[in-house]
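First to last, the protein sequences are chains A and B.
Using the working numbering, the letters of the first sequence correspond one by one to residues 8 to 122.
Using the working numbering, the letters of the second sequence correspond one by one to residues 1125 to 1234.
Source of the hints: derived by calculation from the structure; they are not laboratory data.
Backbone N, C-alpha and C fix where the C-beta goes; we use that ideal spot for every residue, glycine too.
Some hints could be false.
Only some residues are given here: those of chain A computed to face chain B with a beta carbon under 7 Å [unchecked claim]:
(1) 38
(2) 45
(3) 49
(4) 50
(5) 52
(6) 55
(7) 71
(8) 72
(9) 108
(10) 114
(11) 115
(12) 116
Heads up, incomplete: computed chain B residues facing chain A, CB under 7 Å, no partners named [stated by the list, open to error]:
(13) 1140
(14) 1153
(15) 1156
(16) 1220
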Amino acid sequence: KAGVTQTPRYLIKTRGQQVTLSCSPISGHRSVSWYQQTPGQGLQFLFEYFSETQRNKGNFPGRFSGRQFSNSRSEMNVSTLELGDSALYLCASSVQPDTSGNTIYFGEGSWLTVV
Amino acid sequence: DAKTTQPPSMDCAEGRAANLPCNHSTISGNEYVYWYRQIHSQGPQYIIHGLKNNETNEMASLIITEDRKSSTLILPHATLRDTAVYYCIVPSGGYNKLIFGAGTRLAVHP
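Chain A with its partners taken away, still in its complex shape (with noise of 0.2 Å):
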């Protein structure tokens, strides 16, 4: 069985462009969350999404987005890149939208970097 894939792995950006990265969870699974890491922040919530809705949302800027497919698959979108953006982007997927004893598998991530 797959595990969490996204796309790209690695990438590199300009300021000011825009990057949309993708996430297709373990199949079966409908919730998918995301994840930035930063040497700094360490590992924090981006926002949840659910039968392509989002459901929860952690404490970001606007210029952070993201959707969900009917095939539970999931993109985000980060516009007007900073510096600051550059990290690991963390895609993670569960078959229950809830953590009630829930397993919640991690893809290996996309690295953004800004220049």
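With chain A fixed as given, assemble chain B onto it according to the hints.
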């Protein structure tokens, strides 16, 4: 989320058991304890989770105290590949939202 406290670092000799403690004194009755680990530059890897009873899987054992205020993750025979940052998380409030602290940096040495 219930706050968790972990030692910042631990050492373990290869082949010995690694016992990683976690304090979660504010945990409520229906909240689970989750453990993940992250090897450098990789995504967090799920290890195990539990509610009240001790749990064991192919990777580790989780021992939760009777009052549920603390737990211990046990890697029975640590190898060099177990060197990683280990996170103890007690999520709450529904949603698949995990709050990661600093974790415990486990170094397994020959």
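Structure-based check of all given hints:
1. Because the closest C-beta pair between residue 38(A) and chain B is about 5 Å apart, less than 7 Å, the hint holds.
2. A least Cβ separation of about 12 Å between residue 45(A) and chain B goes past the 7 Å threshold, and the interface hint is therefore violated.
3. Evaluation of the residue 49(A) hint against chain B yields a held restraint, the C-beta minimum of about 6 Å falling below 7 Å.
4. With a cut of 7 Å, the hint placing residue 50(A) at the interface with chain B holds, because the nearest CB-to-CB distance is about 4 Å.
5. With 7 Å as the threshold, the beta carbon of residue 52(A) comes within range of chain B, its nearest partner Cβ sitting at about 5 Å, so the hint holds.
6. Checking residue 55(A) against chain B by beta carbon gives a least distance of about 5 Å; that is within 7 Å, so the hint holds.
7. About 15 Å separates the beta-carbon of residue 71(A) from the nearest beta-carbon of chain B, more than 7 Å, and the hint is not met.
8. Annotation: interface hint on residue 72(A) violated; nearest CB of chain B at approximately 17 Å, more than 7 Å.
9. Checking residue 108(A) against chain B by beta carbon gives a least distance of about 5 Å; that is within 7 Å, so the hint holds.
10. Because the smallest distance between the Cβ of residue 114(A) and any Cβ of chain B comes to about 5 Å, under 7 Å, the interface hint for this residue holds.
11. Look at residue 115(A): its Cβ gets to within about 5 Å of chain B, closer than 7 Å, so that hint holds up.
12. For residue 116(A), the suggested interface contact is upheld, since its CB lies about 5 Å from the closest CB of chain B, less than 7 Å.
13. The criterion of a C-beta within 7 Å of any C-beta in chain A is not met by residue 1140(B), whose closest approach is roughly 28 Å, and the hint is violated.
14. Proximity of residue 1153(B) to chain A is violated relative to the hint, the smallest CB-CB distance being about 12 Å (cut-off 7 Å).
15. Hint status for residue 1156(B) relative to chain A: holds, with the closest Cβ pair at about 5 Å, below 7 Å.
16. Because the closest C-beta pair between residue 1220(B) and chain A is about 5 Å apart, less than 7 Å, the hint holds.
Hint check: violations occur at hints 2, 7, 8, 13 and 14; the rest are consistent with the structure.
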